[in-house]
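In the order they appear, the protein sequences are chains A and B. Reading the first sequence from the start, the letters are residues 52 to 643 in the numbering used here. Reading the second sequence from the start, the letters are residues 6 to 119 in the numbering used here.
What the hints contain is simulated information worked out from the structure, not anything from laboratory work. Every residue, glycine too, gets a C-beta built ideally from N, C-alpha and C. Check each hint, because a few of them may be wrong.
FRET-style restraints, in silico, Cβ to Cβ [stated by the list, open to error]:
#, chain 1, residue 1, chain 2, residue 2, range
1, A, G84, B, S23, 56 to 62 Å
2, B, S23, A, S282, 50 to 56 Å
3, A, E213, B, A83, 37 to 43 Å
4, B, D113, A, E213, 39 to 45 Å
5, B, N100, A, Q413, 33 to 39 Å
6, B, A83, A, G84, 49 to 55 Å
7, A, L403, B, D80, 37 to 43 Å
8, A, R372, B, E63, 43 to 49 Å
Listed below are several chain A residues computed to face chain B (Cβ distance under 7 Å; list not exhaustive) [to be verified]:
#, residue
9, S263
10, G266
11, Q308
12, M309
13, G331
14, S349
15, H351
16, L352
17, P353
18, R399
From the derived model, a few chain A residues whose C-beta atoms are all more than 10 Å from chain B [said to hold, decoys possible]:
#, residue
19, R326
20, P333
21, R446
22, S577
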Amino acid sequence: MPSFRVLIVESDTCEMAELCQLIESWEYASSSGDTLPASLHTSHSVLAALDAYNEVQPHLVIFGPQAAATATAAEIRRLRQSGGVEPVPILFVQDLTGLESSPAPPTLCDDILTKPYSLPLVQLKLASIRRFGEFNRSLMAQRDRLRRHHADFLQEQASAREIFGNLGNESCLDDTPGIRYHLSPRAVLNGDLLAATHTPDGKLVLMLGDFSGHGLAAAVGAVPLTSIFYSMIPRGFAMSRVLREINRKLYSILPRQMFCCLAMLELDPRRQHLRLLNAGMPSPCLKRSSGELYMLESRHLPLGVLSSDQIDTAIVNVRVRPGDRLFLWSDGIHEARNSQGEHFGESRLLNLLREDNGDDAQSFDRILVAVNAHAAEQHDDLSLVELDLTHPSLRKTDLPALGNGEGRKGGRVGEWSIQLTLSHEELRTTDPLPHLLSVLVQMPGAVRFQEDLAIALGELFRNALEHGVLELDSAIKSTDEGFVHYYDLMAQRRGQLDEGWVRISLSSSEGDSGGELTLVVEDSGSGFPEVREAAGAYAGRGLKLLQTVCEEVRFEPGSSRIEATIRWGKGPVRGDAGKTRGNAMQNPPLPV
Amino acid sequence: MVVSDRFESKVSSVFSDSGGDLVIRVTGNFDFNMHREFQRAYRNVSPPPERFLVDLSETDHLDSAALGMLLLLRDYCAELGSGGVQPTVELLNANAHVSHILSVSNFDRIFSIR
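Sequences and hints are given; from them, build the entire structure.
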């Protein structure tokens, strides 16, 4: 309907004719460049105009002098309502013939035409009304378009939120009171992400990440990251391997200006060992029960920046002591600004942590309250995580995902054996655990001891690698500095390994009454020492752990071969295995 | 990440006296709002300079979007370098706060910082 439509209301035929002639003499330039006259519609009364209104859909309504003099407020109101939201101006003709002074203009209408008509004035009015009308309609069309886009956008956001919400379904964040976390409501589409799960051997792995940029683009990056995390960690891939995979993936998919700052930690609650990689995140803070604070600063570039990485050398190792807590946060906290533009910053945060010697449990809430009070005006994305590193619930013995409820009953495990030998080149980077476990998950009954097997294999392999092949002495770990030094040394020696091997054999035999799985691990090292000096507090830990999951652990001093057995069905079962373990306990402590 | 336009920021670029270096100075907050201006400051400079010197002496704060922009500049240099000598990027005069952000991100490993 490109025409400019004018509806004229007038009861007097002469006046009507004069008005029509007047309006017809005006032409406007249409959008196609043609000059056109307005299209006229006439009604003799307001009632008739109301009837015609919807059909005509006028852009302008003119009341002739008679109609203007008699129209009531109610009629005008109804006419205006017929126009809907689009404002249609109403012009009254006011007859000034024979009047000495102008009467007050009626307020029911938007403007007046005075009689006697002045052609140039009428044309000016019509042209300007048309221009404003066009302008108004294009604004409304834009508004409608924006409304539609906004509705679509909200719908997309809701779907995206749901997807990201579901990504977190696999996490174990809510399974333990040892973890407290706060992610701002905006975080889901703001590039912050938090994920946690367990390794097959019962370690807790948690990551807090922050994508550069904001909005949907930043959040989309969370999908590959989370899916790599939740598929690799529960299968037993080592943290460095998972991080390398994440870096590789992000590097290949992210636009150049985007990257991901990430802190990933692995807590071994049994060995009280914390490993942490910080790639560009604000330093997580380790708060010892003594009140001392240690900052674990970033030692790696954010992930997705470079195709190469030095993940192994950037992982820090920390010995966990009773009562230790770890706080992690995203830079939303540092960057929270008050009305003066002043950042909340790290020092305020550390002061809060430092002051809080009385009741540690409240630090978390106090930080959140302080940050929110500081940034009263703008609630930005902020993520905060508190990990109670020695909370008993973190030390779980069976994993819900594995459905261990049936105890040691289940399908047949069968008769089989496999052997895997890793050469020095493989030992630099390979992690045999996921490969061996993936063989084992094929066995229907294996789920019963998957975790035990993962722990035993992990311990045996680590022992063979660290002490056998790399010739590291557990005694180094006896001090805090030594503990860190030990792992630095391991990363260094492992990276330069040019000889040595580790062989792992698994064999299963099963009869009607039960079965056993035997693990044999050998290495190229010089063998277990004949006599060990008093082991440091942390050496020998591995052996004890091994004995809690295996019925029998056998090795000879001077030999580099160790054999461990897991049994199920009848016969000695775990739990009252104390007697069978007696053998092992007589052996010298194993420097695991 | 925070996007705020409440704080005045601007980008300026001038050739050094010797003519070989393009000095880009970012004043105020170096954040996502600067990305157009920052790109304009280094793109289509003809002939391309030997070095891009990003002067951060007037920069109050730097966020991850700014780090992303520096990565783009680094990539742009590699692009320019495909036909001849590759220009280098140097970050200058960062204040303590900005230096801290650069070192947290370990950007000192891929940029030369003075």
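We went through each hint and held it up to the structure:
1. Between A/G84 and B/S23 the C-beta distance comes to about 57 Å, which sits within the given range of 56 to 62 Å.
2. Evaluation of the 50 to 56 Å hint for B/S23 and A/S282 yields a pass: the beta carbon distance comes to about 55 Å.
3. Checking the proposed 37 to 43 Å range against A/E213 and B/A83 shows it holds: the Cβ atoms sit about 40 Å from each other.
4. Between B/D113 and A/E213 the C-beta distance comes to about 40 Å, which sits within the given range of 39 to 45 Å.
5. A beta carbon spacing of about 35 Å between B/N100 and A/Q413 agrees with the range 33 to 39 Å that was offered as a hint.
6. The beta-carbon spacing between B/A83 and A/G84, approximately 51 Å, falls within the hinted interval of 49 to 55 Å.
7. At roughly 40 Å, the beta carbons of A/L403 and B/D80 sit within the given window of 37 to 43 Å.
8. Hint check: A/R372 to B/E63, Cβ distance near 46 Å, so the stated range 43 to 49 Å holds.
9. A distance limit of 7 Å between C-beta atoms decides the matter here; for A/S263 the minimum to chain B is near 4 Å, and the interface restraint holds.
10. The beta carbon of A/G266 comes no nearer than 9 Å to any beta carbon in chain B, farther than 7 Å, and the hint placing it at the interface is violated.
11. For A/Q308, the shortest C-beta to C-beta distance to chain B is roughly 3 Å, which falls under 7 Å, so the interface hint holds.
12. The beta carbon of A/M309 comes within 6 Å of a beta carbon in chain B, closer than 7 Å, and the hint placing it at the interface holds.
13. For the restraint placing A/G331 at the interface with chain B, the shortest Cβ-Cβ distance is roughly 4 Å, inside the 7 Å limit, so the hint holds.
14. The closest approach between the C-beta of A/S349 and any C-beta of chain B is roughly 5 Å, which is under the 7 Å cut-off, so the hint is satisfied.
15. The criterion of a C-beta within 7 Å of any C-beta in chain B is met by A/H351, whose closest approach is roughly 6 Å, and the hint holds.
16. With its C-beta approaching chain B no nearer than about 4 Å, A/L352 sits inside the 7 Å limit, and its interface hint holds.
17. Using the Cβ-Cβ criterion of 7 Å, the hint placing A/P353 at the interface with chain B is satisfied: the shortest such distance is roughly 6 Å.
18. The closest approach between the C-beta of A/R399 and any C-beta of chain B is roughly 14 Å, which is over the 7 Å cut-off, so the hint fails.
19. Listed as outside the interface, A/R326 is consistent with that label: its C-beta sits roughly 18 Å from the nearest C-beta of chain B, beyond the 10 Å cut-off.
20. The beta carbon of A/P333 sits about 7 Å from the closest Cβ of chain B, which is not more than 10 Å, so the claim that it is off the interface is violated.
21. The non-interface label for A/R446 is consistent with chain B: the shortest C-beta to C-beta separation is roughly 32 Å, beyond 10 Å.
22. Once the 10 Å rule is applied to beta carbons, A/S577 is consistent with being away from chain B; the minimum gap is 39 Å.
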